[in-house]
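Counted the way the numbering used here counts, the sequence shown spans residues 1 to 244.
What the hints contain is simulated information worked out from the structure, not anything from laboratory work. All residues carry an ideal CB built from backbone N, CA and C; glycine is no exception. Do not take every clue at face value.
[As the list claims (entries may be wrong)] What follows is a list of derived Cβ distance ranges for each label pair:
hint, residue 1, residue 2, range
1, Leu135, Glu37, 29 to 35 Å
2, Ala205, Cys81, 42 to 48 Å
3, Cys81, Glu204, 16 to 22 Å
4, Arg79, Ala143, 32 to 38 Å
5, Ala42, Leu149, 34 to 40 Å
6, Val191, Val76, 45 to 51 Å
7, Val8, Gly73, 17 to 23 Å
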Amino acid sequence: MPDTEESVPLPAAGHCDLWAARAAEEPGYAALLDPGEQERIARFKVDRARVTFVASRAVQRLVLCRYLGLPAGDIVIARDCRHCGGDHGRPYVAGAALDFSVSHAGEWIVLAVVGAGKTGIDIEAATQNRATDDLAGQVLAPAEHEQYLATPEAGRPAAFLRWWTRKEAVVKLTGHGLAASLRRLDVTGDVAVASGQPDGWPAEAIHLRDFGAPAGLVGALAATVQVTGFSWCQLSPGNAWPAT
1 MPDTEESVPL PAAGHCDLWA ARAAEEPGYA ALLDPGEQER IARFKVDRAR VTFVASRAVQ
61 RLVLCRYLGL PAGDIVIARD CRHCGGDHGR PYVAGAALDF SVSHAGEWIV LAVVGAGKTG
121 IDIEAATQNR ATDDLAGQVL APAEHEQYLA TPEAGRPAAF LRWWTRKEAV VKLTGHGLAA
181 SLRRLDVTGD VAVASGQPDG WPAEAIHLRD FGAPAGLVGA LAATVQVTGF SWCQLSPGNA
241 WPAT
């Protein structure tokens, strides 16, 4: 696998590049990981989780090197949490004039890249069996829950998944993760409405967009600069994932 790739320009303000790749082992992927990530590989007890971890960390570098003009192996991705100092924060490249977010579900990894503002992405398997009535009461805001209960039973899983992916995208953008209260986050509209959230919550509006995805997946994007267009990108022909 080459350590450098063809360069691409940063997305214009209001545009997002979506990169799709299969969560599969490829020659040279493991060599792109940093020493800390290399140590983690041996600690995985579930092979599927190990493969996804290696592929995700490698794909992030293979995508970012196209924008940053550096060899993939030289890309340093930091994950220090801005809120507690731990090493589980939202990924970023110090000093880079871009922001990105990554999500994976099933056999796919999707990376969102923007050239202005911050972003968060989430993809989920639409066919996943969920006890949505129980989860809805735990994570939906009052207005969302009211809409959920008014939805015919057959349509509730899809409705819940739409809200869930949006909430996940928002808390990935903010970097708060589980520290945020999902019940105090209303994502029914085009802009997230938050109340009583932890310190460090963005002051600017967080815009929301759903996007179609094949392979039984659904996705949502959160961004501090309103995204009006997407471009689907691929690392190789074998990773082709056209938008629906």
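Hint check results:
1. For Leu135 paired with Glu37, a C-beta distance near 32 Å keeps the hint of 29 to 35 Å intact.
2. In this structure the hint that Ala205 and Cys81 lie 42 to 48 Å apart at CB is violated, the actual value being about 23 Å.
3. In this structure, Cys81 and Glu204 meet the distance hint of 16 to 22 Å, their C-beta atoms being roughly 20 Å apart.
4. A hinted range of 32 to 38 Å for the beta carbons of Arg79 and Ala143 is consistent with their spacing of about 33 Å.
5. Our hint of 34 to 40 Å for Ala42 and Leu149 is violated, since their Cβ atoms are close to 47 Å apart.
6. At about 33 Å, the CB distance of Val191 to Val76 disagrees with the hint of 45 to 51 Å.
7. Range check, Val8 to Gly73: about 19 Å between beta-carbon atoms, so the 17 to 23 Å window is met.
When held up to the earlier numbered hints, the structure conflicts with 2, 5 and 6 and fits the remainder.
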